[in-house]
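*Asks:* Fit chain B to the known structure of chain A by using the hints.
The primary structure of each chain is shown beneath.
Number of protein chains: 2
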Amino acid sequence: MRPVGILGGMGPEATILLMRKVLAAVAAQDDADHVPLIVHQNPAVPSRIAHLIERTGTDPTPVLRDMARTLEAAGAAALAMPCNTAHAYAGAIRGATTLPFLDMIEATADRLAEGGARRIGMLASPATRLATVFEAPFAARGLVPVFPEPDDAVLALIRAVKRGERPETLAPALAHIAEGLLTEADTLCVACTELSLVVPSLPELPLTDSLDVLVGEIVGFARA
Amino acid sequence: MRPVGILGGMGPEATILLMRKVLAAVAAQDDADHVPLIVHQNPAVPSRIAHLIERTGTDPTPVLRDMARTLEAAGAAALAMPCNTAHAYAGAIRGATTLPFLDMIEATADRLAEGGARRIGMLASPATRLATVFEAPFAARGLVPVFPEPDDAVLALIRAVKRGERPETLAPALAHIAEGLLTEADTLCVACTELSLVVPSLPELPLTDSLDVLVGEIVGFARA
Numbered sequence: 001m002r003p004v005g006i007l008g009g010m011g012p013e014a015t016i017l018l019m020r021k022v023l024a025a026v027a028a029q030d031d032a033d034h035v036p037l038i039v040h041q042n043p044a045v046p047s048r049i050a051h052l053i054e055r056t057g058t059d060p061t062p063v064l065r066d067m068a069r070t071l072e073a074a075g076a077a078a079l080a081m082p083c084n085t086a087h088a089y090a091g092a093i094r095g096a097t098t099l100p101f102l103d104m105i106e107a108t109a110d111r112l113a114e115g116g117a118r119r120i121g122m123l124a125s126p127a128t129r130l131a132t133v134f135e136a137p138f139a140a141r142g143l144v145p146v147f148p149e150p151d152d153a154v155l156a157l158i159r160a161v162k163r164g165e166r167p168e169t170l171a172p173a174l175a176h177i178a179e180g181l182l183t184e185a186d187t188l189c190v191a192c193t194e195l196s197l198v199v200p201s202l203p204e205l206p207l208t209d210s211l212d213v214l215v216g217e218i219v220g221f222a223r224a
Numbered sequence: 001m002r003p004v005g006i007l008g009g010m011g012p013e014a015t016i017l018l019m020r021k022v023l024a025a026v027a028a029q030d031d032a033d034h035v036p037l038i039v040h041q042n043p044a045v046p047s048r049i050a051h052l053i054e055r056t057g058t059d060p061t062p063v064l065r066d067m068a069r070t071l072e073a074a075g076a077a078a079l080a081m082p083c084n085t086a087h088a089y090a091g092a093i094r095g096a097t098t099l100p101f102l103d104m105i106e107a108t109a110d111r112l113a114e115g116g117a118r119r120i121g122m123l124a125s126p127a128t129r130l131a132t133v134f135e136a137p138f139a140a141r142g143l144v145p146v147f148p149e150p151d152d153a154v155l156a157l158i159r160a161v162k163r164g165e166r167p168e169t170l171a172p173a174l175a176h177i178a179e180g181l182l183t184e185a186d187t188l189c190v191a192c193t194e195l196s197l198v199v200p201s202l203p204e205l206p207l208t209d210s211l212d213v214l215v216g217e218i219v220g221f222a223r224a
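Going down the list, the sequences are from chains A and B. Number 100 in our numbering belongs to position 100 of the first sequence; there are no gaps in the numbering. Number 16 in our numbering belongs to position 16 of the second sequence; there are no gaps in the numbering.
To be clear, the hints were calculated from the coordinates, so they are not data collected in a lab. Hints may be right or wrong, so weigh each one.
[Claimed, not checked] Just a few of them, taken from the derived set where beta-carbon distance is under 7 Å, the chain B residues facing chain A: (1) Val26; (2) His34; (3) His40; (4) Ala74; (5) Glu165; (6) Arg166.
[Stated by the list, open to error] According to the in silico footprint, chain A covers these stretches of chain B (three or more CB under 8 Å from chain A): (7) 43-56; (8) 64-73; (9) 105-112; (10) 138-151.
[To be verified] Distance windows between CB atoms, simulated: (11) A:Glu168 with B:Ala224: 16 to 24 Å; (12) B:Ala73 with A:Thr183: 18 to 26 Å; (13) A:Gly142 with B:Pro203: 32 to 40 Å; (14) A:Pro150 with B:Asp30: 49 to 57 Å; (15) B:Ala73 with A:Val26: 44 to 52 Å; (16) B:Gly220 with A:Glu184: 45 to 53 Å; (17) A:Arg69 with B:Thr183: 54 to 62 Å.
Just so you know, even glycine gets a beta-carbon here, dropped at the ideal spot from N, CA and C.
Isolated chain A, as found in the complex:
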């Protein structure tokens, strides 16, 4: 199988969740059946929120490009990044190496379009909205993103996950936001890897988790 390089640490819990989902996606009898990953768990990527929303922080582009080159040097055959907002820098990452980049946003837009929904309720960081990472991929497929308004409650939940609060204590607040979105949207898209940690504690809802879509891309690439 071909190893996939993971630009990780955004946040570190979400990177570990991706690795757990990749393991769970494989029916393994022994170690050797699993997908090889090279994971740069780098918590020192400058804050995407500080750079994209608050407009005060350091640009994370140079660090992300270095991580891509590092993963290439370590033998990765493709790159993936379990952070929706950081896909604002996907172009720069693609340009840093010759490796294919398994784009979580494009793949998620494909999955949603295949499902037949048109109006997509976005459980996403305000940074993802402001960075407009889903805008062009959605428009190209006739999808319309519907964001929570206001979205400070979502940001508070994301920050609580990063602080280490237990996902099950955060689920009621996320479910409330999700139900609000479903009054205007056909389905939901979980488009924040911190919120993916809370999904198992949510009630049954129609949703596509971009992290699960990325897991499918990684396993598919590794095995191809």
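*Replies:* Relative to chain A, chain B alone:
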């Protein structure tokens, strides 16, 4: 903080557990407070059990040396390996790069000696016993390892973890082995990263988990 390179995938669940324990060891307010890791989650390391016990398998040494070089190329400042048995190859790994190797076995022997116990009940793979990885470090500190006899029940538990069986279903069998060891030993050492996955489901027992000791070494090195 200095990034630590992880020779992982032996098995993949244990590598993820190490990463979770490193996260949990840090009181973080945001991503940037965490320890940087570069993790080679390589499930294709030839079986240590097949090579060391069954004497039929490929020698994993070249793959482990390559992984060490790969992690050095990716910017690791030290190496660590969350697999007790694979420490049979620690010498070859040390020789592959100029990086310090955070030796789980030496650090665990130090911790046990500090605790004042002398006879150590080993919850370990038969491969760890046959590879005698603990023998010299224990002897140097006046410690005596006590292994379960016979140890095929331990090997069956390890293989069940690798197959993905739920740790809580395996805990009663491991507790039975542990209690048997404590009739002859002062304390227990969990010296198999697969068995570390079962520890949270065990009843209260006097034990030192080598994986926890390695986590302490990693966090200490990263922050120094």
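*Asks:* For each hint, tell me whether it holds in the structure or not.
*Replies:* Hint check results:
The restraint placing Val26 (chain B) at the interface with chain A is violated, with a minimum CB-CB distance near 9 Å, outside the 7 Å limit. Given hint, His34 (chain B) at the interface with chain A, holds; its Cβ is 4 Å from that chain's nearest Cβ, closer than 7 Å. At about 5 Å, the closest approach between the beta carbon of His40 (chain B) and any beta carbon in chain A falls short of 7 Å, and the interface hint on this residue holds. About 4 Å separates the beta-carbon of Ala74 (chain B) from the nearest beta-carbon of chain A, less than 7 Å, and the hint is met.
Hint status for Glu165 (chain B): violated, given a least beta-carbon distance of 12 Å to chain A, over 7 Å. The closest approach between the C-beta of Arg166 (chain B) and any C-beta of chain A is roughly 12 Å, which is over the 7 Å cut-off, so the hint fails. Remark: the stretch 43-56 of chain B is confirmed as covered by chain A, as 4 of its residues place a Cβ nearer than 8 Å to a Cβ of that chain, reaching the required three. For the stretch 64-73 of chain B, the stated coverage by chain A is satisfied: 3 residues place a CB nearer than 8 Å to a CB of that chain, which reaches the threshold of 3.
Beta-carbon proximity to chain A at under 8 Å applies to 0 residues in the stretch 105-112 of chain B; the threshold of 3 is not reached and the given coverage is violated. With 0 residues having a beta carbon nearer than 8 Å to a beta carbon of chain A, the stretch 138-151 of chain B misses the requirement of three or more and the stated coverage is violated. Between Glu168 (chain A) and Ala224 (chain B) the C-beta distance comes to about 36 Å, which lies outside the given range of 16 to 24 Å. The supplied range of 18 to 26 Å is broken by Ala73 (chain B) and Thr183 (chain A), whose beta-carbon atoms lie about 52 Å from each other.
For the hinted restraint 32 to 40 Å between Gly142 (chain A) and Pro203 (chain B), the CB-CB distance of approximately 58 Å leaves it violated. A C-beta distance of roughly 22 Å is found between Pro150 (chain A) and Asp30 (chain B), which places it outside the suggested range of 49 to 57 Å. About 27 Å separates the C-beta atoms of Ala73 (chain B) and Val26 (chain A), a value inconsistent with the hinted range of 44 to 52 Å. One distance hint, 45 to 53 Å for the beta-carbon pair Gly220 (chain B) and Glu184 (chain A), holds here, with the actual separation near 51 Å.
Roughly 56 Å separates the CB atoms of Arg69 (chain A) and Thr183 (chain B), a value that falls within the hinted 54 to 62 Å.
Hints 1, 5, 6, 9, 10, 11, 12, 13, 14 and 15, counting from the list given before, are not met by this structure.
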